[in-house]
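Knowing the structure of chain V, use the given hints to seat chain U on it.
Residue numbers (numbering that gives the first Met the number 0), protein chains in the order written: chain V, 0 to 259; chain U, 0 to 259.
In short, the hints are calculated from the structure, not lab data.
Warning: the hint list may mix true and false statements.
For identical chains, the list gives no copy identity; a pair is met inside one copy or between any two copies.
List of simulated lysine-lysine pairs, DSS-like, C-alpha gap at most 27 Å [what the hints assert, rightly or not]:
| id | residue 1 | residue 2 |
| --- | --- | --- |
| 1 | Lys200 | Lys12 |
| 2 | Lys157 | Lys19 |
| 3 | Lys232 | Lys259 |
| 4 | Lys70 | Lys100 |
| 5 | Lys230 | Lys157 |
| 6 | Lys259 | Lys200 |
| 7 | Lys259 | Lys230 |
| 8 | Lys222 | Lys157 |
Protein chains: 2
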Amino acid sequence: MTILSSKDNSNIKNAVRLRKSAKHRRESGLFIAEGVRICIDAMLSKADIDTFFASEKAAAKYAYEFEQLRKYSAKAFVVSDKIFNQICDTESPQGFLCVIKALDKSGSFDKIKTGDKFLALDNLQDPSNLGTILRTAEALNVTGVVLSDDCCDIYSPKVVRGSMGAVFRLPFVVSTSIAEYLNTHSELESYAAVVSSSADKITETSFASPCIVAVGNEGNGLKEDTISACKHKITIPMTGRAESLNAAVAASIIMWEMMK
Amino acid sequence: MTILSSKDNSNIKNAVRLRKSAKHRRESGLFIAEGVRICIDAMLSKADIDTFFASEKAAAKYAYEFEQLRKYSAKAFVVSDKIFNQICDTESPQGFLCVIKALDKSGSFDKIKTGDKFLALDNLQDPSNLGTILRTAEALNVTGVVLSDDCCDIYSPKVVRGSMGAVFRLPFVVSTSIAEYLNTHSELESYAAVVSSSADKITETSFASPCIVAVGNEGNGLKEDTISACKHKITIPMTGRAESLNAAVAASIIMWEMMK
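Looking at chain V on its own, in the form it has when it is part of the complex (with noise of 0.2 Å):
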């Protein structure tokens, strides 16, 4: 095999365009993951993956999951150490990268079942906290999740890391807005999780089924007209201080509460 070690190679550019720009992952259709186990993951979770790059210390290190990549990748590269490092996102690479394409994930969404239990994120901007929210939701089985679009890019590698690959496996889609989400799916049960002492709490709620929940953003909350457009509001009672739960972890203990 040919060892690239040229940062001018139109793959390994197009690589670094994917892992930079989300502008440039929503106009392709290919996002990256990077690490052995992700790229493994994304293979056994059968990712269409479009190119697999690994450094040749990688390849010699992990000789049988390079195999296997290799056998399975449309296009596969092994690059120079050096020009690994420059494409990766991580402090220590681990020296595997794979290009996979996106896969429209929203059949789930077409014909709501009963039983089926969704989680809708409205706004909600940090990679770390998307990536954690993701792989709760896997955990616990959540059924899909909806995303406003103005989340930050689920595709971005650190929310790709985050989600130890729940991004390749659990049902979403994007929509344009919760609210507008909501008014066209009304046999669902909906959910807007707020702060607030007279909304309901989520220790006395009963989860009807079809539903779905609305968590917001960081820092605000959800949007007026989510809110607005959910059917009840409910609420994490807290005997300490309120108001200060990591928006993964509400998220999490919400997502507990409606699938237990």
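Just chain U now, with coordinates in the frame of chain V:
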């Protein structure tokens, strides 16, 4: 007020060392907090502020907060914007930084009372996770946190920031090992959080009081001797992918079930 504009000033040198070195924090009994909100929070929490630094810009922009902190702190300095940016940990510093005396907050652990519910952290390594866990513990009114001495430093700038100031208020104690702590506190009903289908489900556990729940390392979970020292094993039942919760989320769901 004189404006410090040299990195060689001994106060500035000390702050930089405190930011970088856990050893220096431990030996001096001092740590730092960065940001307007968190410095104000330290003051409102009656933390013992040894030195307060503000950048020229921030002293003007947050004149009211600057004045309060200047009066409250033992020493206060205005620092040129250029030098301030060099001493800060965050990418876009807000221009406030405090050097704070670490307090002995182990008092709450001397006499354990009915109603007390503690969290034990065994070799937790990620400062973001620790910050988030402390924040959640405070919000949910956990009595206090016991940390094994191989956890990451609770006074690292990332933990202080991520905890949203909980580190100023939440009682905690560092113990040589969680097993040792449990063995010398047999009055506590103790629960080891594990990933195991044979452990008691947290949904079916009625947490006794006083009690303590032990949560382990991000990759490896609890140490064997910690599990052995606990009276019960508990687990988070997951219908989706098991072993796939982020450590801070797992700890938060467990605290939620323990406290609600």
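Structure-based check of all given hints:
When the C-alpha separation of Lys200 and Lys12 is checked against a cutoff of 27 Å, the pair qualifies neither within a copy, at 51 Å, nor between copies, at 50 Å. In this homomeric assembly, Lys157 and Lys19 come within 27 Å of each other (Cα to Cα) both inside a single copy, at 11 Å, and across copies, at 25 Å. Taking the closest pair of Cα atoms, Lys232 and Lys259 come within 27 Å of each other both inside a single copy (19 Å) and across two copies (19 Å). Taking CA atoms no more than 27 Å apart as the test, Lys70 paired with Lys100 passes inside one copy only; the shortest distance there is 17 Å, against 58 Å between copies.
Neither within a single protomer nor between protomers do Lys230 and Lys157 lie at most 27 Å apart by alpha-carbon distance, with minima of 33 Å and 39 Å respectively. Proximity of Lys259 and Lys200 under a CA criterion of 27 Å is satisfied in both settings, with 16 Å inside one chain copy and 11 Å between copies. Taking the shortest Cα distances, Lys259 and Lys230 sit within 27 Å of each other both inside one copy (21 Å) and across copies (25 Å). In this assembly of identical chains, the alpha carbons of Lys222 and Lys157 lie at most 27 Å apart only when taken from the same copy (25 Å versus 29 Å across copies).
Hint violations for this structure: numbers 1, 5, all remaining hints satisfied.
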